[in-house]
Amino acid sequence: MSDATTLSAAKRERLGTAECRRLRREGMVPGNLYGHGEGAVSFKIGHDDVLKMVEDGHIAIDLDIDGKVDKALFKEVQWDTFGKHIVHVDLIRVDPNEKVEVEVPVEIKGEAPGVEEGGILDTQMHTLLVKCPVFKIPSAVVVRVGSLKMFDAIRVEDLNLDPDVEPQAPGDEVVVQVVEPRKIEEPDEEAADLEGVEPELVGESEEEQAAGEEVVANEEGGE
Amino acid sequence: MALMPRRVKHRKSQRGRIKGQATRGNTVAYGEWGLQSLEPGHVTAQTIEACRIAANQYVRGEGRIYIRIFPTKSVTARPLETRMGKGKGDPDHWVAVVKPGTVLFELTGVSKEAAQLCFARVAHKLPVRVRLIGRRPTVG
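In order, the protein sequence lines correspond to chains A and B.
Count the first sequence with our numbering and you get residues 1 to 223, in order.
Count the second sequence with our numbering and you get residues 1 to 140, in order.
Treat the hints with care, as some may be off.
[As the list claims (entries may be wrong)] Which bits of chain A does chain B cover? Going by a derived footprint, with three or more residues having C-beta under 8 Å, they are:
1) 53 to 63
2) 71 to 80
3) 97 to 109
4) 152 to 165
5) 197 to 205
Rather than coming from a laboratory, the hints here were simulated on the basis of the structure.
Just so you know, even glycine gets a beta-carbon here, dropped at the ideal spot from N, CA and C.
With the sequences and hints as input, model every part of the structure.
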């Protein structure tokens with residue numbers, strides 16, 4: 001279960017793009033808190049604090065805005081192009097006992113015997129959508145692959161989850177599997193010798209030309 | 001065989017300028033590790049193929065590589081020893097337009113150390129500076 005942690009924020013009085021840019025230059029992140037019938041609140045928060053919270057996988061937090069504490073979930077985190085800095089956060093108010101749908105990261109534990117046999121551990125699902133009470137949100141879905149042989153798979157129905165945590169994905173969906181490595185295609189010499197070959201132009205294939213002629217014929221016939 | 005589109009609307013395109021940063025295709029989507037471009041540039045189909053071979057030779061049998069870019073832009077060239085004029089040259093090769101932030105390749109099924117070594121070999125072949133990135137943390 002993820003520990004709800006308190007983040008201290010301050011209310012934003014001045015809004016807008018320019019003000020948000022100024023905040024980012026000062027090492028702050030603009031954010032919004034909304035939901036549960038209460039009005040939206042714009043706040044600012046320290047970049048390093050929120051980055052640490054996100055990297056540690058805290059999904060539910062206690063947000064302290066000028067002394068008023070709300071339990072909230074991260075709704076959306078916006079990153080810069082290179083994924084280094086957070087540029088904006090959206091938080092949604094929640095009741096600790098209400099059931100919510102959240103994406104939880106999948107954590108692979110152990111060494112699969114199938115990999116030693118020459119297979120590749122293929123993680124199909126990096127996150128799992130689950131429905132559970134806020135205070136029971138797991139920090140990660142742990143998948144133990146210690147018994148996974150070649151061509152074996154662990155599906156959603158095989159996961160060992162808390163009874164209060166309901167996965168929202170179909171039970172037969174594969175989470176992780178051991179697959180055979182794909183054979184590396186050696187370039188065919190004949191196929192490689194395609195210098196000067198150009199792609200077909202749209203509208204120049206025989207089918208498309210025939211279709212175009214039909215349209216013209218229909219238009220002429222209709223007049 | 002080098003990558004190129006099957007069908008195109010126009011054979012030739014103008015050179016253009018690469019402005020701005022990547023707002024799409026800038027996260028690791030399929031694998032666990034990604035190679036992210038830090039500069040704008042054109043990566044040719046031949047370079048992509050060389051990178052694929054280099055990466056596959058390193059991870060052979062261990063992991064899987066994903067290629068996230070595709071050469072969709074044709075580059076024309078004039079034949080050797082011809083005079084200027086007489087119109088634009090014929091398509092010579094195909095390039096992928098890469099903006100800063102674009103994830104070029106991804107790897108799965110390997111450790112971070114292995115991904116670093118694999119991508120170091122790939123980076124030598126690329127015309128842009130790159131860095132290794134992981135998946136973004138999941139919240140909400």
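Results of checking the hints against the structure:
1. 53 to 63: holds (count 5)
2. 71 to 80: That given contact holds, which follows from 6 residues of the stretch 71 to 80 of chain A lying within Cβ reach (below 8 Å) of chain B.
3. 97 to 109: holds (count 4)
4. 152 to 165: violated (count 0)
5. 197 to 205: Satisfied; 6 residues make the cut.
The structure is inconsistent with hint 4 alone, although it conforms to all the rest.
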